[in-house]
Structure formats: structure tokens, C-alpha cells
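Student: Protein chains in written order, with this note's numbering: chain E, 1 to 205; chain D, 1 to 568; chain P, 1 to 232.
If you are wondering where the hints come from, they were derived from the structure by calculation, not from laboratory data. One or more of the hints may lead you astray.
For lysine-lysine, the following DSS-like pairs were computed, each having C-alpha atoms within a straight-line distance of at most 30 Å [claimed, not checked]:
no. : chain 1 : residue 1 : chain 2 : residue 2
1   : E       : Lys96     : D       : Lys387
2   : D       : Lys378    : E       : Lys156
3   : D       : Lys304    : E       : Lys66
Chain E is nowhere near these chain D residues, computed Cβ spacing over 10 Å in every case [what the hints assert, rightly or not]:
no. : residue
4   : Glu286
5   : Thr287
6   : Arg303
7   : Thr323
8   : Asp333
9   : Gln366
10  : Met383
11  : Asp388
12  : Pro425
13  : Asn436
14  : Ser525
For every residue, glycine included, the Cβ atom is placed at its ideal position computed from N, Cα and C.
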Amino acid sequence: MKKILSAIIIIATGLLTLAGYLFREALSPVLALFTDWAILLIGIAGILGIGYLLRMHILRVAKKQKGNFYSIFLIIVFLLTVISGITLSPQSEYFKDMILNVQIPVEASLLGVVAITLLYTSLRVVRIQGWTPLSIGFLSSALIMLILNSGLIGFKPDSLAGRIAGFIQRMPVVGARGILIGMALGGLIVGLRVLLLLDRPLGED
Amino acid sequence: MPVLICPVCGAENPISGEKCLKCDATLDGVTPLDAPVEGLSGDESLGSPTKDEQDLPGLLQSLKDEGDIGEVEESLQNGLASNDDLSDIFAEKEASDEEVVPDWLERIRQRAKEEPDAIGDVTQKISAALETIADDKDENKHDDFQSWIENIRKPGSAHSEDQPANELKKENLPSRLSDEDWLMRIRKAEGKLPEGPDPTEQKGNSLLQWLIALEEGRETPSKLGDETSAADEEGDEFSSPITSGDYQVVNEQTQKIATPFKDVLDIDRLMVDISDEEQEQVNLFETVVTQENQAGQQHRPLRKIKHWIWRLVISLILISGLTASLLVWDNADISGAFLSPQNAAFLSWSEARQPGGSLLFIVDFQPGYFSEIMQISKPILGMMLEKDMEISLLSTTPSGELLFENLLAESTGEELAFTDLGYLPMSSLAAYGIANHVENELLQTPESPIVLPAEGYDGILLLSDQAEDVQIWVEQLTALMPETQVLLLLTSQAGPLSLPYWESGQVDGMISGVVEAAAFESAVSGQTVSPVGMRAYQLGSGLMVLMLLLGLTLKNRPDKDDIGEGAQ
Amino acid sequence: MNLSDLAWGIIGLILTVMVLSYAIGDNFLFRLASHIFIGLTAGYFLVVIIHQIVWPYWVTPLAVGSWGQRAWMIIPSALVLLLIISQFQKFSKLGIIPVSFLIGVTTAIVIGGAVFGTLIPQISTIVERFEPSAWAAAPEQTGFLVLDAVVMLVGVIGVLSFFYFGRRKIEFPDDDQTKRPRFFEGLGKIGQVFIGVTLGAIFAGIFSSTLWALIDRLSFASDLIKGLFGGT
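So that you can see chain E by itself, here it is in the shape it has in the complex (with noise of 0.2 Å):
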């Protein structure tokens, strides 16, 4: 019964939805509705992950496992910026500076190490790789392609220079352009598993 019901709303949602990009005039309320109660779903479901993410440090700090330390300051801040968010309102701008200098600095800092780390790893991108056609259009075009972005390199465009630099240039447009066609493809062949049931990403036989 359940699987007949799950093979039903997925089908019915899926086939309308679907139709909604052919007859969009006609179908725009039903397809509003049913975007407004995804967007719905998704908000409910993120809730319950930040509450799973909740539990599992108040679990840790419950039972003094390792990093329960961490753990306590994770929940310490997480209580003061939802209760500073609901007393204060978002529209706060104690409030907002509370978010922004805090996730600014430490994303833009993990940035700043991925940077350090990507330094530090292309010493060993031919090491790890060898010589493949792979490594050595992934070195080439590395290589032009931070020469050219730096600036201090350029060709007028109407040039003879120029041209051939912008057909180098437009060298990765044309693995783009396979990456997005493959990846399209690949989403559409999934997609029509789902919709027709021989795929069942709820895992049910």
C-alpha cells in the first residue's frame, strides 16, 4: 500500500510538474502551490537537521565524550544567536553585525586555507597524476589560464595576437559545454528512472 502510494504521488507531482514547463499559463497555480509547499517541506526538514546537529553536541557534552569542550561553546553560541534573533528581530543591526563578522572572517579565512593548501598541493599534481592527456591539459591550461587572469597579460581583442589568445582562451568552453551536456543527460536519464519506478530512491523493493 505504501509503495503503491509512494509510486502515486511521485508519479502524479512529477508528470504535473513536468507539464508545467509546456503549459505554464495554464498550470501556474497548481505548479505555485506546489513550489510553495516544497519550499515548505525543505524549511521543516532543516529544522529537524539543525535539531538532530543539536542533539548529537548535546549528546556529546551529556556523556563527556572527545570534544565536548567544543561542544558546549557550538551550543553556547547557537542558543544566544536564536534568542538574540527572536528578541531582536533579524532586522536587528547588533544582530546583523553578530552574523556577518562572524561568518565572514571564518569563511573567508577557510578560503584562505584552501588557498595555502592549493599552493602547496599543485607542487605534487604531476607526481600524483603521471603524464596523461588528462595532466597535461589540466597543467597547460592552469598555467595560461592564471597567466592570462592575472592582468598583466593582454591582447587586444580585435588583434591577430588577440584572436588566437581568445580561441586559447575559449579552449575550456569546449570541455564545459561536454561537462554540461553529460550532466545534463545524466540528470535527465535519472529523472525518468525515478518517474517511471525503475529507479526507487526510498530504497523500497
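Chain E is already provided as a structure; the job is to place chains D and P on it using the hints.
Tutor: Then chains D and P, alone, in the frame of chain E:
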């Protein structure tokens, strides 16, 4: 009734048990076995060794449980004392057991008559089992063994007088003896060559050492592979893996007890028949394993430190270089930055906007990319605000609204009003939702989150840091709102995979990365504009080019980091 | 710089140093900063969801909507309740209904986007490059345009061949090699080069973005320190 035999101590446990009642070891994954039935003869319970390789602890336990160990032990000792083949030991025991001869023993006897090496396997294990049990049961027996050993080693004793087995081995397998040379070399290479007595003296008792260690839980069956390979090198199927450091932990007492069985195991050497080819393969395998172990053990900490130092040095060079360039140089040369076709298209679109139009900005980037997105969107925002455009905002990141407020404030120097359409948690749903939220009577409450103008927008500008999100947005907007103009303001990393959408005409303009943004700003203002930090950016890019080139040259050197010096 | 800005600036600087300390290895400061960040982000996410999703999409229509709108809210309310109830072990199977709904909607969006948003436009673009009228429009660039079109076609087919045969090699290692058309095998090798070129450009892009983020942090730190010690 099936029971679970503890893999550590060999004790019987109820089938429902999760841990051993005796030693508290876990019983997960232990296959249930039938318990020995009361009254069953010792020979019958010993019938199990047909699968003995897997159930050795079970065998040990069943021997313990039988209670006639003493008799077997005595027979074994007698047999050794008279220097007979072990089949005779069993023959004696059998004679004292009222002629109850189990099939397996009969087969062994038969084979022992036909081929002298046929009983080796069972004998080995029983010997090991006896030894282990003797160790458990009575410390005094150690003394007995000791005196017995002394007797056995006296010149002229029966045992030393006649050793046809060893002689046979030496005659038939001369190459095996010479193999000790390469083993010694491996041991030397590993630095595990024992000082003092010749390690080959211990070869005979090595199986016992291993079995005892195994039963005492000091060794795990998983090491069997290594041991076997090491043993094979010596031309002895059960000889010691002295090459492995773990095996040297066998205590002295155990070695003493095990010594009497040296000769028994010498007999077993006859049973091994390895071809030269197999020997070479084992040799090669052992060499590789030895080198890997050696390299891993000796160079892992060193390699870790080396990597750490390298990483630290590179970090310091990058950070100090960037900081210095930020402090020292204000302006960078960006004469090589030209407007690419997609940038020029963006500029044309911007200039063509009529005052008072409406724009929808979609914020789909993480706060970490704020600085880059700000550099990229600053000239556009300035142009649009000059034309008094109406701005709406839709976010697919939770902090999108805050980021956009800051973006406006830092780009124009003042706080500007905009219509916030809210936060939508998924790009695909958000894109699909936008297209279907025009004039929807079913949903529009006074506080509806998304209220789009029926006439649509003059343009939708997507600020993104991920090519995957760009793909989703462009796909949906192309499919559902093909008449709307879509423009992209992207970080460098999102650029390459998004370019095909500009080439296909699905996107009307695109700026990706700070260099393109600088070229755009220069074109708008009519003079070269170099953002703060551009020199540092060029320096960082130069460092990356240098590292990639350095990586190419390092490739030609022996790769000590990856395979270790031991492999050279 | 007012006091509030200064305080937040110092907090930002401390967090920056804590995270960048990861350059010398995983340590206490980095972990602490990470946990503070996760706690704050999770808390903010919760506040945003309540304010921007739960309230306008659920509570408001039920509270101030017309009777018709309220009636329409029965279905999403039921789906939400089923999703919440399904978190309890006993009722876990009830979650199938809301999840099936989400799967149906998102799968259709993926299919629609892939077909109408990528496959048709991108393949059309490749075909259009072989239009002789386009070549004739710029006679001085005909050579480039023809070369460009051929490279585009060969490259895209090569990349797709690599995807197909690369996957087959992994999934069916014992597959009869002779059954594979050698032509597509060769194209797959060409495709490898183009994928490498694209990945190289993406690598350069990622490095540029992360480098700019690092420069931003260093610039922020040096400005703050200069401000604190009276520099310019």
C-alpha cells in the same frame, strides 16, 4: 548444541553471548560451532581439525575439555624420547585406548606409512595445543620440560643419534639451506637480526611461539599472511616469522617450553615442497613487504615533519608576500586586462537600461566570497543606482539579505531601499517558483513572500559563487522565462563552467572574477581602475605558476616522499 | 571607527587568526573557531527559516488567509506533520509521503531544466556553428570560425565518449575491448584532453577566488592594526 568459541581464549560461550564469559572479548562475527559432546572420545573431538586452520582456538579448547591431555602428552613425550616418528606416538596412545580408532587417525596412520610427511599438519597443531595447555595448567611442568630438554641435548642421546628426517632434508633440498643467506640479508636490512645466538636455531619452535602468542591474544590471526610469507622463505611452512618485530615479543619462558618441539618441527620441514619459482615469488613478495614496512616505519614521521615544514614555509611565503604587497604597493598594472565579449555585452546591456526600470538581484553566494563579489558587482550597482532602478532581492543563502545590504552600502556609500522577496532554500525550487509566482490568486495573501510584478523585470542579475547553482538558475529561467534577460556576476571559480551559457545566448552578459571586473570598471569610468589588493593578487597568481613549474621539475627526481627511500 | 565597529573588527581579527592557524596544522584554536561558526550559522539558519519560511508559508496563510486559502493549507500541514512524526522510529514509514512529494517535484524540475535549459540550447549552439551563413558574415575570420566549430564538435563528442567509455571501463572491467568502437575510444582520449583543459581553468578559477578571500582577510587585518596603532 552450538556454542561460540572465543577467538581469544578459546572458551565456550552460549550462542546468545556477545562477549566471552571468560576473557570478555567480543564474539561478533564468530561462527557458532557444535560443542564437544560429553563422553565422546578424545579422538572424535579431535576430528574437527579438518577445518583446523580456521578453528585453531576451538581445537585448543576442545583439547582442554577432553581431560585426557596427560595421556596424549605422555605418549608424545615417550615418542620424542624414543625419537620415533610422531605417528608412533599416536599409535601408542591408540593402543592404550582400547582399540577405538577413529577414521581420521586411521587415515593418518595409513598415510604415515605411505608418506612420512603426511601427519605433519595435525601433529603440529596438537603439539602447539599441548604446549599451550601445559603452560596454562602447571608451572612445574616447565621444570620437567627443562630437565627433559637437557637430557635430550646430551651428546649421544637417542634423539641426537639418528635424524633421518633432517638428513633427508639436507640431501634433497640443498638450495633451501643456501636460502638462509638471503633471509639474513633481509633481516639485516630490517635491522632485526638478533644479537647473540644464531636466529636459525629458533626456527623449529617458531610455530609454537606464534600459536602460543595467538592463543594468549598477543598476536592476531590477521598476521598469518605475513608470517606465512616469512616462513616460506626459510623453506619451512611453519617456521618463524622472526623478520617481523611483533614476533619477538614472545617471552623467554614460552621459548623454553617450545624448544623440545624443535626436532618435531624439523621433521615437518620434510613436508614442505616449494618449487624454485615459488621460492622466488615469495622472496620478491617478502622483499617488497619488507621495504614497504621499512619505508613506512622509518620515514613516516620524517615525511610528516617534512610535509609540515614545506607547508609552513609555503604558507609563510604566501602570507608574508601578500601582506608586504598590500602594505607597499597601492596600484597594480592591469594593462593586460581587456574586456572580453561577455563583459562587453554586459556593458552594452547596462548602458541600454532606461531610468526607472526594475531589476531582480538573486544572491546565491556564501559570505566568504563577499569581498570578490563586491569587487565584481560594485561598478554595476553604481550604474544601476545612478539610473534610479527599482531593485528587488531574492536570496538562496540564509544571510543573502544581510550580504546584499552590505554590498549596496559598500558600493554606493549609503543605505538604499530595496524590495526583499525573501529566502528560498533551494536554487531549483526558487528558480521554478519565481516563474510561477506571477499573479497567483490562490496564494497571494497580504503577507505573501513572493510578489513579482506582472510585467516582469528588465533583467535578472545572478550573483553566484558556484557553477552548479548558475546552471540550475540559467536552465530554469531559460525554460520558463525565455523572454527575461539574465546576467551573471560570478566569482572566478564559477566562470569556466558558466561560459557555454553565454555562448549559447541564454545569458545576456557575464563578469567573472576581479580582473574582468577591473576591466569593466575601467571601461565604464574611462580610466584604468585597479582595485586595492590587485598587486597581491598578481603576486599570488605568480607564486602558483612558480609552484606548478617547480612541480614539473621535481617530477624528474626520485620521489622519496611517495615511495620511500627503501624502495630505491 | 566607532566602538562597535572596533569591537567587531577585533572579533573578526581574532577569528581570522584562529582559522588561519590551520596553516600550521589542526589545532585547538581552529576547532574552537569552527564550532563557534557552526553554532552561529545553525542558530541563524533556524531564525531565518522561522521568519522567512515557516511564518510566511505556513502560519500567515492559516492566520490571515481566506477560507479558501486555509483549505489549501490542509495538504502542506499534513505533509509537514507527517515529516515531523516520521522522525520517531515507530512512525518512520510515514515520512515516505512528504519525501515522495519532494522527489516528484524536484525530479521533474531536474528533467525540465536538463532538456529545455541545457540539452536543446547547447546542442543547437554546436549545430549553429556549422551554418555557412555565419561564416560568410565575417569572411576575414572564416578560418577561425571553421576551426572553432570543428574543435567544438570533436571536443564535445570526445568528452561524452570519455564519460561513456570511462564509466564502462570501471563498471565492466572484463568487458570485451574489441566490442568497443576504436573510433570512440580515440575520441575519448581527445575528450580527456579537453576535460583536463576545463579542469585546469576551473582550478585556476578556484585558486583566484580563494586567493582573493585570503587577500581580503590580510587587508582587513592590516587596516585594523594600522587603525589601532594610529597608522594611516
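Student: Next step is simple, just say for each hint if it's right about the structure.
Tutor: Okay, the hints, checked on the actual structure:
no. : hint                   : result
1   : E:Lys96 with D:Lys387  : holds, 29 Å
2   : D:Lys378 with E:Lys156 : holds, 25 Å
3   : D:Lys304 with E:Lys66  : holds, 24 Å
4   : Glu286                 : holds, 28 Å
5   : Thr287                 : holds, 24 Å
6   : Arg303                 : holds, 13 Å
7   : Thr323                 : holds, 12 Å
8   : Asp333                 : violated, 6 Å
9   : Gln366                 : violated, 6 Å
10  : Met383                 : holds, 22 Å
11  : Asp388                 : holds, 25 Å
12  : Pro425                 : violated, 5 Å
13  : Asn436                 : violated, 4 Å
14  : Ser525                 : holds, 16 Å
The structure fails to meet hints 8, 9, 12 and 13 from the earlier list, while all remaining hints are met.
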